[in-house]
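Guided by the hints, dock chain B onto chain A, whose structure is given.
There are 2 protein chains.
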Amino acid sequence: MTEKIGILAIGHGSKLPYNKEVVTQIAAYIAEKHIDVVIRAGFMENSEPALGEAIAAFSGTGVTKVAAVPVFLTSGLHIEEDIPAILNLDENGCGCLSIDGKEVPLCYAKPLGADELIADLVYRRVEEAL
Amino acid sequence: MTEKIGILAIGHGSKLPYNKEVVTQIAAYIAEKHIDVVIRAGFMENSEPALGEAIAAFSGTGVTKVAAVPVFLTSGLHIEEDIPAILNLDENGCGCLSIDGKEVPLCYAKPLGADELIADLVYRRVEEAL
Chain A
8 MTEKIGILAI GHGSKLPYNK EVVTQIAAYI AEKHIDVVIR AGFMENSEPA LGEAIAAFSG
68 TGVTKVAAVP VFLTSGLHIE EDIPAILNLD ENGCGCLSID GKEVPLCYAK PLGADELIAD
128 LVYRRVEEAL
Chain B
8 MTEKIGILAI GHGSKLPYNK EVVTQIAAYI AEKHIDVVIR AGFMENSEPA LGEAIAAFSG
68 TGVTKVAAVP VFLTSGLHIE EDIPAILNLD ENGCGCLSID GKEVPLCYAK PLGADELIAD
128 LVYRRVEEAL
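Same order as they appear, the protein sequences are chains A and B.
According to the working numbering, the residues represented by the first sequence are 8 to 137, in order.
According to the working numbering, the residues represented by the second sequence are 8 to 137, in order.
Extracted from the complex, chain A is given alone in its bound form (with noise of 0.2 angstroms):
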């Protein structure tokens, strides 16, 4: 069989409208580039929707196995307690989720970090304002 892969997107979510912005355009930017994939973005506070949403609007997509990214700079309190603990997933970042009344499995990928794509970013940031 082969495999529809959703990715749910989460960002951190503010009061503020950035973090909303950047992270549905990030998805929106991976949406364009893999049409193989359903992408839904959800936030862990203040921006909506909330993750359960965010899960929800699976629905009727048919994915096969979903990838849950923290599209966080950094790991964190949220990375390392609260989105394992909303998912409701094992030690080793799988759980499951139920969409459409079946079992779907779920996968736990890890933030951005240090990586020299960041860095030659900011370094750009930095050309961009000299």
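Treat the hints as calculated values from the structure; they're not laboratory data.
There may be inaccurate statements among the hints.
It does not matter which identical chain is meant; a pair holds if it fits inside one copy or across any two.
Once the Cα atoms are required to be at most 27 angstroms apart in a straight line, the calculated BS3-like pairs of lysine-lysine come out as [stated by the list, open to error]:
#: 1; residue 1: 27; residue 2: 11
#: 2; residue 1: 109; residue 2: 27
#: 3; residue 1: 11; residue 2: 40
#: 4; residue 1: 117; residue 2: 40
#: 5; residue 1: 117; residue 2: 72
#: 6; residue 1: 27; residue 2: 72
#: 7; residue 1: 11; residue 2: 117
#: 8; residue 1: 72; residue 2: 109
#: 9; residue 1: 27; residue 2: 117
#: 10; residue 1: 72; residue 2: 22
Relative to the frame of chain A, chain B by itself:
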């Protein structure tokens, strides 16, 4: 005169070690790739050094212009209000630092934001988890 550029990489900071580790590693990548710039990292909360200490560490480096860049995924209150207040930036994001008794121009770069590089990295994190 050829400018000697300093980069003040500003991290959020955290009680957990991850933010400092990631921001410090990103600064190290930039330093490796751009050996002509002087980069110092400082933090807004909980992690050391604070911004003032990071700025003091440009002493003796001969920098003639400094770009302050928030190593944050998105804008928010620290970026809109707190950092400009600490750095005494004008409404155009310009200011100056006193380094070794000289006034050194300071400019303010944007955070990472919604960039296709970030989307590619999020997707890579998904692939690693699947």
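**OP:** Please flag the earlier hints that this structure goes against, numbers listed from lowest up.
**Re:** Those not satisfied are hints 2 and 10.
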